[in-house]
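Trainee: Once you've looked at the hints, dock chain X against the given chain G.
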Amino acid sequence: MTKTIGIPRAMYFYEFYPVWEAYFKSLGFEILLSPKTNKDILNAGILACVDEACLPVKIFHGHVVFLKDKVDYIFIPRIIGLHKREYNCPKHLGLSDMIKSSIDGLPEIIDPIINLRNKNGVKIAVKDMKNELKLNYSQKELYKNAIREQEKYKKNLLKTDISLKKDEKSSNLLILGHPYNVYDEFINMNILEKLKDEDLNLFFAEDIPEKDYREYSSQFIKRIFWTQGRKLIGSSYYLIDNELIDGIMYLSAFGCGLDSMLVYLVEKKCIEKNIPMIVLTLDEQTGEAGFVTRIDAFLDMMEWRKKDENNLSTFR
Amino acid sequence: MKITFPHLGNVYIACKGFLEELGHEVVTPPICSRKTLEIGSKYSPEMMCMPFKIFIGNYIESIEKGADTILITGSCGPCRFGLYPIIQADILKRLGYDVDIIVFDAIGEGIDKLKTNVNKILNSKSSQEIYRSSKLALSLIRKTDDLSQLSNEVRAYALNKIDVDKIMNNYYLNIEQTHGAEELLKLIKNTEIDLREVPIDKNINPLKIGIIGEIYTIIEPFANLEIEKKLGDLNVLVEKSLTPTIWLEHHVLSYPFGSKHENMKHKLAEQYLKNPVGGHGRETVGSAIYYKSRGFDGVIQILPLNCMPEIVAKSILKTVEKDEDFPIMTLVVDEMTGEAGYLTRLEAFIDLINKRREKCIG
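Residue numbers (UniProt numbering), protein chains in the order written: chain G, 1 to 316; chain X, 1 to 362.
Isolated chain G, as found in the complex (with noise of 0.2 Å):
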């Protein structure tokens, strides 16, 4: 009989799914995906849950309640360091273990250590797999196959070269966020698909390859040692640095620890080079009617700028 493992879509799911995906299909399980986030999933999360967490810990939370009675695992890995060196946001290493203390009648819970700061961080990830799977056979050609999976993923994240992306008669923005915040649609309520029928090139924190914002946010006294704050401060700043946009929109989960920092060193460069920028704060309580006027304005005012920019009167 065939296993069902349940994956939550949430978190990591917008980075990691396909490599996810092609391996434990390999392994032979069937694979459960929850929903897109909805509002009984928000409740839930928020039932579930610490009152203190962030929007996107909660909604994590709720998908685990979604799947728990419907398959045999859950999978959670521990994503504790994608570099060398570098961490991830504090909630992603417990997180886990705060979903084992805060829902009842969970299934067996998947959680591989997921450490790339390691220089065996695949090897040890591996071999975790094999003991709480219980697989008495090596799977280390079928997680490779699987590699090939994500490596192909990312190759299209990356096809467009952003400078063809560029239409001179509209601006560019760059919406900026950690991707569970951004691709996630219940909880920016949509924003993308309001943004589209804008006259609007939009930029992502993806579009940027690797070396280019690895390059770009090595410039402070202290080395930046969240793989996800380098990826949003190197982007943004190479976009800013080579003028490659019109405008910035941060979208914020609303007490994430990570953006307290990042929308600060964001916005220092904005200041500094003179580009507009918005931070949207998103948690439960977000109305989507002040959300879209507050999107209008700023598009507004973009727009305004780049058209009447030099035709400002003298008298002020």
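No lab work stands behind these hints: they were computed from the structure. Backbone N, C-alpha and C define an ideal beta-carbon position, used for all residues, glycine too. Incorrect hints may have been included.
What the hints assert, rightly or not - Computed cross-link-like contacts, DSSO-like style, restricted to lysine-lysine with a CA-CA straight-line distance of at most 30 Å:
1) K222(G) x K42(X)
2) K274(X) x K119(G)
3) K268(G) x K93(X)
4) K93(X) x K119(G)
5) K155(G) x K211(G)
6) K25(G) x K274(X)
7) K267(X) x K84(G)
Stated by the list, open to error - Just the calculated beta-carbon pair ranges, DEER-fashion:
8) N190(G) x C360(X): 51 to 57 Å
9) T293(G) x E38(X): 31 to 37 Å
10) K65(X) x R305(G): 42 to 48 Å
11) Q285(G) x N190(X): 31 to 37 Å
12) E25(X) x E288(G): 53 to 59 Å
13) I107(X) x L32(G): 43 to 49 Å
14) K194(G) x H266(X): 55 to 61 Å
15) Q285(G) x D98(X): 39 to 45 Å
16) Q177(X) x A297(G): 57 to 63 Å
17) T293(G) x T344(X): 57 to 63 Å
18) A297(G) x R357(X): 56 to 62 Å
19) D199(G) x N117(X): 30 to 36 Å
20) R294(X) x N190(G): 52 to 58 Å
Said to hold, decoys possible - Which chain G residues stay away from chain X? Per the calculated CB distances, all over 10 Å, these:
21) K39
22) V50
23) D69
24) K91
25) S102
26) Q150
27) R214
28) I224
29) F225
30) V263
31) C270
32) T286
33) G290
34) A297
35) D300
Mentor: What follows is chain X alone, placed relative to chain G:
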């Protein structure tokens, strides 16, 4: 070079002694107050955690007193404390303060940087001189910690709590007038003698409560609204899970293995939290179990609003509370915390534990 540093409980006493022995001029920031926090909140990013804001307030208050060099320890993740210097340096620059920030990072961050920083501080003294000053500083940190623990113990048993207050207030006032480590050690000794003479009621069997949570809010009395004193006045014997001594023993003196005491806490926490989550999240979980095993009546977790590692710890403490049948209360502090509500929660918690104890005995 006039050196200053942010406040962390009583560490300023040892820090002042150490730097003065090395021949530096030291500007101690004024004791943290409402004003410090107000200055800090005004210039810091809104979503930043409270220690950051108090640090900024400390810096600005000491710069106004004449300091031109700031001394802080660094860390390299994953808690945001490690990135404080980037933003703090920028905030001070924007405000027009011309100061030098010296960050002591772990050896892993580059040995050359550490060497230059250490040399700046050591002031080209002879190795003998340095050894002597470090030894003095170390004993100062230990002695100040022991003294505050002693005051906690005496307060729980004291007939008149005001006696302890008087002695301790006097002690803090006198610190400002002393110069160098020797004088400080003498002052500490005298205070200790005074404390031992406070009349106590030996028949009291006080409740024992452990304070766990984020290191800054545990150690800095302003950040936790003097929780030790408040609990002591309610006849409670308080012990803190983290003190500067414990930190120093774990991170510096037994580098890179860590002290026995803290490693034991990691082991205790293992069944709930397998890997470190930055800050002192794992130690918080371990300490709760540790205090239960030592027969304490309860623990109180304190965290600044938005503290990432402690949020993880808090959600795990729920399970610890259930599994171990052990009362745990969480207090979140920030610049909006009101003293009255805080005291009410403490009193309610103590009442509950008192009832629990009566039930167990009766």
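Trainee: So, for every hint listed, does it hold in this structure?
Mentor: Status of the hints after comparison with the structure:
1. K222(G) x K42(X): With a Cα-Cα distance of about 24 Å, the restraint between K222(G) and K42(X) holds, given a limit of 30 Å.
2. K274(X) x K119(G): holds (20 Å)
3. K268(G) x K93(X): Answer holds: K268(G) to K93(X) is near 12 Å, not above 30 Å.
4. K93(X) x K119(G): Judged against 30 Å, a Cα distance of about 39 Å means the pair is violated.
5. K155(G) x K211(G): holds (14 Å)
6. K25(G) x K274(X): holds (28 Å)
7. K267(X) x K84(G): holds (26 Å)
8. N190(G) x C360(X): 51 to 57 Å: Hint holds: Cβ distance 56 Å, inside 51 to 57 Å.
9. T293(G) x E38(X): 31 to 37 Å: holds (32 Å)
10. K65(X) x R305(G): 42 to 48 Å: At roughly 44 Å between Cβ atoms, R305(G) and K65(X) fall inside 42 to 48 Å, so the hint holds.
11. Q285(G) x N190(X): 31 to 37 Å: 56 Å Cβ-Cβ, so the 31 to 37 Å window is violated.
12. E25(X) x E288(G): 53 to 59 Å: Given a distance of about 58 Å, which is inside 53 to 59 Å, the answer is holds.
13. I107(X) x L32(G): 43 to 49 Å: Holds, at about 47 Å.
14. K194(G) x H266(X): 55 to 61 Å: violated (48 Å)
15. Q285(G) x D98(X): 39 to 45 Å: Given a distance of about 43 Å, which is inside 39 to 45 Å, the answer is holds.
16. Q177(X) x A297(G): 57 to 63 Å: holds (58 Å)
17. T293(G) x T344(X): 57 to 63 Å: violated (40 Å)
18. A297(G) x R357(X): 56 to 62 Å: Holds - the Cβ-Cβ distance for A297(G) and R357(X), about 60 Å, lies within 56 to 62 Å.
19. D199(G) x N117(X): 30 to 36 Å: This hint is violated: roughly 52 Å between Cβ atoms.
20. R294(X) x N190(G): 52 to 58 Å: Roughly 53 Å apart at Cβ, these two residues keep to the hinted range, so it holds.
21. K39: Answer for K39(G): holds, closest chain X Cβ roughly 23 Å.
22. V50: violated (4 Å)
23. D69: Holds, since 20 Å exceeds 10 Å.
24. K91: violated (6 Å)
25. S102: violated (5 Å)
26. Q150: holds (23 Å)
27. R214: holds (16 Å)
28. I224: Check fails; 7 Å does not lie beyond 10 Å.
29. F225: violated (4 Å)
30. V263: violated (7 Å)
31. C270: Holds, because the least Cβ-Cβ distance between C270(G) and chain X comes to about 14 Å, which exceeds 10 Å.
32. T286: Fine: 15 Å to the nearest Cβ keeps T286(G) off the interface.
33. G290: Holds: least Cβ distance 18 Å, greater than 10 Å.
34. A297: Label holds. Min Cβ-Cβ 21 Å, cutoff 10 Å.
35. D300: holds (25 Å)
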